[in-house]
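Participant: These are the residues of each chain, in order.
There are 2 protein chains.
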Amino acid sequence: MTETEAVLAAVRERVDPTAAERERLSTAAERLVERAEDALAARDLDADVVRVGSTARGTWVRGDRDIDVFVRFSPSLDREELETSGLAVGNAVLPDGHEEYAEHPYVKGEFEGYDVDLVPCYAVESARDIQSAVDRTPFHTEYLEVRLDDELAADVRLCKQFLKGIGAYGSDLKTEGFSGYLTELLVLEYGGFEALLEAAATEWHPPVTLDPEDHADASFDDPLVVIDPTDPERNVAAVVSAANVARLQHYARRFREDPRESYFFSSPREPLTAEAVREAFADRGTRALAVRFGDDSLLDLVEDQRYPQLRRSLDGLVRGLEKRGFEVLRAATWADETAVLFCELSVAELPGIERHRGPPVHVGEHAEGFYRKYADDADVYGPYIDGERYVVERERSVTSAAAFAEEELESVALGHAVERLVETGEYAVLADADVCVLAEEFGEELAAYFEPRP
Amino acid sequence: MTETEAVLAAVRERVDPTAAERERLSTAAERLVERAEDALAARDLDADVVRVGSTARGTWVRGDRDIDVFVRFSPSLDREELETSGLAVGNAVLPDGHEEYAEHPYVKGEFEGYDVDLVPCYAVESARDIQSAVDRTPFHTEYLEVRLDDELAADVRLCKQFLKGIGAYGSDLKTEGFSGYLTELLVLEYGGFEALLEAAATEWHPPVTLDPEDHADASFDDPLVVIDPTDPERNVAAVVSAANVARLQHYARRFREDPRESYFFSSPREPLTAEAVREAFADRGTRALAVRFGDDSLLDLVEDQRYPQLRRSLDGLVRGLEKRGFEVLRAATWADETAVLFCELSVAELPGIERHRGPPVHVGEHAEGFYRKYADDADVYGPYIDGERYVVERERSVTSAAAFAEEELESVALGHAVERLVETGEYAVLADADVCVLAEEFGEELAAYFEPRP
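One line per chain: the protein sequences are A and B, in this order. Sequential numbering from 327 applies to the first sequence in the numbering used here. Sequential numbering from 327 applies to the second sequence in the numbering used here.
Honestly, the hints are just simulated from the structure, not real lab data. Certain hints may be false.
Any copy, or any two copies together, can satisfy a pair, since identical chains are not distinguished.
Claimed, not checked - Taking lysine to any residue pairs in the SDA-like style, the calculated list, with each CA pair at most 20 Å apart, reads:
(1) K490 to T353
(2) K649 to E675
(3) K649 to E680
(4) K434 to D498
(5) K699 to D584
(6) K500 to A542
In isolation and in its complexed conformation, chain A is listed as follows (with noise of 0.2 Å):
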């Protein structure tokens, strides 16, 4: 046995459910199934139940305890009727349940200790047709189930488990990693789990295209673009980031290098204290500078989207932060119980003079405007000609990155509600040493910061 064989088994060994493990899902499934077909017959409902997801599929990893359940309606039905007949039966299933939403309403509840999701959805014909997002996923099982085999489902348990050891599996907008199903299509496209990490290793360049079907009808702007066999307009990895390829490529070349069984395990950060963030600080010698949030309104919403609204509002504050001449060495965002940007600085104060440069003085009535606005004002320097241009130097608006938090984040393009929060001025800024109270709520973050890996 080489030694990434006896790697990749002591893996396994870890993540394959085991015997007593599926044959208890499996029942309680079948049990489930039969619940909804009766709930559907007790009501006179024209319906198919089908099972979908990992668990359905074979491919879910050791302890995952989640069962999916769909209930497919004619598409001749309306939504509301759909909706109503969906919870109905739902609610029937999994009396102890209550109702979530989703693009509908579904119902979420315990069932013999697992965690199931009971989704009505429309029995559309094709993938192509699908009238609401969830329609998609019964094609998913559909394809799948009938093309991996004990083995590559096997590879794909490995693969997730992989992922999530390198920080990149899932698909929702905070980790913007690698779903389920992509992770399945990957895998059979490749034909296992070190196939796939070979091609990513040494022939990824994204972007990279993969159409197991051959059918793509669209294009697509993405570092990773795999065409979801069941609907040629779709890119599987649409969700996935640069990072998170990047990611995969070079975890990919360290194991393919020195096989370890740690890659699939990442072990949690040990959060800094106040005193070590500070420590941290004076050791890079740089600038702390933190906008903090406590509102209900941003931190009650969903993940999906909270993040890309702090990911958005940062990425305004850095370039605000620049444009004014604050060079930001590297920046970052954290929810919790409050949300955070965070910015790390290597310039945060600034003279109470830049310089404003004008328009070429040949150009005429611009040029006189520019001269003229500035001639006679007494708290300016200049005009001067610099080259063919004339030059200022005038006050600067703000002279520290702190000010220009507390006064001018207004003008920088932020998340909607984070926007709304800036506008009534409901955040706090911190500024260098203040930054280290951070590290009651986001210590494992900061250790993260301060010892960043691939």
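Use these hints to put chain B onto chain A, whose structure you have.
Facilitator: Chain B only, in chain A's frame:
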């Protein structure tokens, strides 16, 4: 009389040579030519004697005391014979003079109170056949003599004085301004001083190209191109900087808007004291850095060699500072008894670390090389992944602008004479309060620096 006419009449009163002055100069110049002709005859040399320059063309400004006399030898003479004979005649005419060297030697001396250059050259057929740069000069005088009437000559004087007043007169490489010959051609081309101002104020969009004889036979990459009427391959305005073209445009507009005599006669600056320099920096909130050279190898250079070297060195210093993150607000170079590269900084100090962006992770060997180089380096943070790339944060080689000037000045592009001094460490770095000592030597330059005008 319009306001403009009144102002121009008042300026003429100050710049037109008096009748007595003309008479005296004319007599002295005739005697000089005679003496030169006698000296040629006595040596049995075949050459003719011509007067050139502004006093020959009637375009000199009152008080100028330069008489230029050229002795034109046959082009068949070899260079050595030309020099020997030229100097012999020169020394005979100006027995108290001394030899100077431009492209070849000539004699400079005083004659009846005038400063005289007695220059040997070749009597070539046309300015295109010149064997030495000075051969061209008599053609300029020939060309202008017949075209500049008294009225135009008077306008040339106005124009020269205007250019002096705004600091744009002189083709030396410190000024990079308008030569006398160029001024004459411009006034001739536009038909007068006011017409030239009108064109500069309202029509010029550099590059501006004028070709009085419509015979250009080369192309030029200069903001102002005036093809020499005596040489289709030469731009008479080659030395004029973009700033001086812009300066003429700016002051042309000012004068047309509000004609004032003061534009023609700039008042000298009141030198700044060391204390005033300190206050200026305090007001502006900026940081100072100066590199000062006291070595004769640089200071003994003629200005036309020294200033290009200093400017090139200043440019190198500024680029070097900015490349390393030290933002330069403005910079200048001055020379007198010492030479100085002077920088005013917005950012003079930076943290101990800097961001260093590596290659995209997918570029195979290059990416692997970067990763390996830094993976086990305890002094860097990272490598981590940002977007598709590796990034590290590594130690900065210098954390202050002064340290850069002290330790890394060799790394930037410098003028040759400056480079030698930097290599051997023969320079001093002054930072912040220390630069105030420059006021002793460069008080006027510092006054102009802190109260800049177009």
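Participant: It remains to establish, for every hint, whether it holds in the given structure.
Facilitator: Hint check results:
1. In this assembly of identical chains, the alpha carbons of K490 and T353 never lie at most 20 Å apart, being 28 Å within a copy and 100 Å across copies at closest.
2. Within a single copy, K649 and E675 get their C-alpha atoms as close as 14 Å, and across copies as close as 19 Å, so both meet the 20 Å cut-off.
3. For the identical chains of this complex, K649 and E680 are neighbours both inside a copy (12 Å) and across copies (19 Å), given an alpha-carbon limit of 20 Å.
4. Only within a single protomer do K434 and D498 lie at most 20 Å apart by alpha-carbon distance; the minimum there is 19 Å, versus 86 Å between protomers.
5. Taking CA atoms no more than 20 Å apart as the test, K699 paired with D584 passes between copies only; the shortest distance there is 17 Å, against 66 Å inside one copy.
6. For the homomeric pair K500 and A542, neither the shortest alpha-carbon distance inside one copy (28 Å) nor that between copies (66 Å) is at most 20 Å.
Violated hints, listed in ascending order, are 1 and 6; each of the other numbered hints is respected by the structure.
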